[in-house]
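Asker: Each chain is listed here by its residues.
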Amino acid sequence: MEKRRDSKKITKHTKEVTSLEDTTLELRKKFTLKYAELVKYFPKIPEIASREFAFLFWDRNYMIRHRGFTNPQHLLSELKNINPKHVYHSAALYKDPANKIMSEKGWMGCDFVVDIDADHMELSCQENHDYYICMKCDYVHREKVTKCQKCEGPIRKQIWLCDKCLEASKYEVIKLVDDFLPDFGFTKNDIDLNFSGHRGYHVHLRDKFIRTLSSEERRQMVDYITGTNFDPTDYLIYKSSNGYFIGTTIDDAGWKGRIARNFLKILTTHDSIDSFNKEYSKYNLDTKIKQILLNPDNRNQLIHQLTIKNQYWTIKELAKGSWKKIKEFLIQVSMCDIDVPVSIDTHRLIRVQGSIHGKTGFLVKPLNYYDMVNFEPFSDPIIFSTEKEACMKLEINTPICPEIRIKDIIYGPYKKHEQIEVPEAVAIFLTCKGVADLLSRGN
Amino acid sequence: MSYYNAYGLVYKYPWLEGGREMFDPIVESESAEPLVDYYNRLFSDYFSIYPELYQKLLDVFIFALDKKESGIVLTDDKLNIILFYTVKTLLTAFDNRILDNHVANLLSKLYHKRLLQENPQDLVIISKKMGLPCHFDRKGKDFGGVIHHFWVEIHQYVPIAALLRDSNYQLINRMVQNGKVFLIKDHMARLLQEVARREIIPDHQGISGELLTLLKKINPISAIINEIAIIIEEKKYSQSPYEKTNVYENMVYVLYPPCIKFILNKATNGVNLTHSERLHIAFFYANTNHTVEETVDVFRTLPDFDEKIARYNIEFSRGIGGKGKKYSVYSCAKLKSIKLCKATDKEYGDPICAEGVYRKGHGDTKVPIKNPKDFVFWKNVEIQRKLQNIPKK
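So the sequence lines, in the order shown, correspond to chains F and C. First residue of the first sequence? That's 1 in our numbering, and the numbers climb one at a time after it. First residue of the second sequence? That's 1001 in our numbering, and the numbers climb one at a time after it.
Just so you know, not all the hints are guaranteed correct.
[Claimed, not checked] Computed, partial: chain C to chain F, Cβ under 8 Å:
1. Asp1045
2. His1155
3. Pro1159
4. Ala1161
5. Leu1164
6. Ser1167
7. Gln1170
8. Gln1177
9. Gly1179
10. Asp1186
11. His1290
12. Phe1305
13. Glu1315
14. Ile1320
[What the hints assert, rightly or not] Below, computed lysine-lysine pairings styled on DSS-like, alpha-carbon distance capped at 27 Å:
15. Lys136/F / Lys1308/C
16. Lys1109/C / Lys1235/C
17. Lys1339/C / Lys147/F
18. Lys147/F / Lys1235/C
Calculated from the structure, these hints are not laboratory results. As the structure is a computational prediction, the values presented were derived from the model and not from experiment. Using N, Cα and C, we set each Cβ at its ideal position, and we do this for glycine too.
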């Protein structure tokens, strides 16, 4: 896709920044109007009458919880009336979802929700767009700090999103759906998937059996997905006396087979260190080991051993220590990076599909698996106007505002006090992110 | 093909359907006879028909407490049913978790050996009756050279795996494919052993005192009760009356230590808490049977409340996520060092915190408590003593 840069600056600084209240009020109005439009497209919420709903507002920093709606119309009319910033419902189903006492709600079960979000992943792009900014002196820290290194002032974290973040999230969703859920007996048709509206995706499983699982039982499934407590006692060990590594075969079930399949996939996909590093540099596998593995003879020998389902892997140059590192690498590559507490919690609140994310103005868009593969997170969930005719004027209020792509245009980066005129969708994104204020209309 | 008749299975595995009724017909037909008379008659019959019952019962408890497995032979007739339910009745009466576990471990291991001797078809039948249905495939699946003939649906497997500490049985270390968990016979028998173990441990519905009184009136049983009581005492497996119930299961405001009451009061009044105060609440609640929701609710009234952050921190303190480390309650020494100890506070202070408590082996000297959980325990003791009019020392 062709990406253009666009940053129309207002050169004469004559505009006056509105108060925070006015910016909030304007955003609130925009959301209200948009909800009125979205009503007819609002996706069906399964078992709506058994779910607790919760809202966060523009002008209050606490959550209103324990709301119940008997039907979608009731919820939608409420959304138009109360104009929330964020809308959540419980993953759990209750007999009395509006009861304010948790123990009296009458828990009936809980969807198994997997939250895959770049927030908790370690990604190289975060260094380029996530900052720790001093609220006192505006000093920008690239590394995590709890107080300002310059003036010891309090810190706010400015989280951003980019194509790499969302690609990483999508990669993990595909891994979850293609590789892990079939082990549990779930197909692509059994999942309910949505873009979170920010830096990731939510996968909902609503099968009868999975809903009844306790937290401890859910942990069994979560550990399986994240590779936690994987304990291969009689395989993935090097036999010095025989000079081979007891590996696994691609036909094995569970994690045993996953290790062999991933090893085969890596070896068949990458024939050079450059190509290997493009995908796996973050795992820090020793260069020497990579050279040995990707040496054409060794690589072909391993591919052959894996293809003929020989579980004894032999490469002359690799000894115990190297195989141990390869084992650790293969385990890390095979893990799926999910937000663990979300899946374990049996009372979790989760963002409502079809609502608008209050930190971006993006739609929390329901997707089927195949839609997700081709989903464009900076285009498809954009619901506010990107037309130049609907431009809004803003002043940047943060010392560093990274670039953001909306559809095929890149906006920014911007500096503090820079006054800009950008389409509605971009303006809403920047103001929702809290990095810009609206300029008063009068000027 | 199974060789069992209708009773055969129940004789071997008494907790299966029909076993209870075979032991105690009163369950089926309500008798007008007084309960003591009924059970006296029932046990007199059992002890006269099966003279070995007395010694077998004693052996179960002696061997269990000595952690010995060999020496007990389970029969596969009605005696086995009588033994099983009499042991369970005695466990209910003693209401001692240590005894429960020792006896359940011993008997379930014996049943594991018995299950291993079953032919595959019978194991399938038994597993269905035990509520953990397995499937048998004669050809089996070859994983790493090991043929796995049995499989269990994942939704049947996960609840039982969550109960087992052995990492070998965690889902991640099993052969999982298309919603099935593949197993060898030994592993299948081990899972069923766990089901049996749960069948042996009684529900403890607060009837122990009443039941013990009743059983003491039944001749051969009262003698067994005395002998078991002596063994328990010798082995020092007796529980203090205060340990019998988990005090944290019913935390009421009066049991909260002064430092926690002080913080709760601040939170209720919408005053922002310091970092240490937040951690102290989160750690204390995590270690005293409070749910995540209850903990989140404490923070909900704070002006800077952010549900996502609060929930994340609370879950982190409980070892959910992060490094999986569950944090302990702050010690009193730590609380003093961060000026959070309210032992002598006019409004919240309590003599248990300020002066300590009388403990065995310390004569007339009061011993200081070490952490806020000690306070909960001793406050509960104080309340129980007041209710029973027991002097403090």
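Asker: Now tell me if each hint is right for this structure.
Answerer: Status of the hints after comparison with the structure:
1. Residue-level restraint check for Asp1045/C is violated (minimum Cβ-Cβ distance to chain F is 43 Å; threshold 8 Å).
2. Proximity of His1155/C to chain F holds as hinted, the smallest CB-CB distance being about 4 Å (cut-off 8 Å).
3. Because the smallest distance between the Cβ of Pro1159/C and any Cβ of chain F comes to about 5 Å, under 8 Å, the interface hint for this residue holds.
4. Taking 8 Å as the C-beta cut-off, the interface hint given for Ala1161/C holds, the closest approach to chain F being about 5 Å.
5. For the restraint placing Leu1164/C at the interface with chain F, the shortest Cβ-Cβ distance is roughly 10 Å, beyond the 8 Å limit, so the hint is violated.
6. A least Cβ separation of about 5 Å between Ser1167/C and chain F falls short of the 8 Å threshold, and the interface hint therefore holds.
7. A hinted interface residue such as Gln1170/C counts as satisfied when its beta carbon comes closer than 8 Å to some beta carbon of chain F; here the least separation is about 5 Å, so the hint holds.
8. With a least beta-carbon distance of about 4 Å to chain F, the hint placing Gln1177/C at the interface is held under the 8 Å criterion.
9. Checking Gly1179/C against chain F: minimum C-beta separation of about 2 Å stays under 8 Å; hint holds.
10. Taken as an interface hint, Asp1186/C does not check out: its beta carbon lies about 14 Å from the nearest beta carbon of chain F, beyond 8 Å.
11. A cut of 8 Å between beta carbons decides the hint on His1290/C: the least distance to chain F is about 11 Å, and the hint is violated.
12. Hint on Phe1305/C holds. Least Cβ distance to chain F is approximately 5 Å, under the 8 Å limit.
13. Given hint, Glu1315/C at the interface with chain F, holds; its Cβ is 4 Å from that chain's nearest Cβ, closer than 8 Å.
14. With a cut of 8 Å, the hint placing Ile1320/C at the interface with chain F holds, because the nearest CB-to-CB distance is about 5 Å.
15. Among the hinted pairs, Lys136/F with Lys1308/C is consistent with the structure: their alpha-carbon atoms are about 25 Å apart, no more than 27 Å.
16. Note on Lys1109/C and Lys1235/C: the hinted pairing holds, with a Cα-Cα distance of about 22 Å set against a maximum of 27 Å.
17. Taking the CA atoms of Lys1339/C and Lys147/F, the gap is about 23 Å. The hint holds against a cut of 27 Å.
18. A hinted pair counts as satisfied when its Cα atoms are at most 27 Å apart, and Lys147/F with Lys1235/C does not qualify at roughly 57 Å.
Hint compliance for this structure: hints 1, 5, 10, 11, 18 are not met, and every other hint is.
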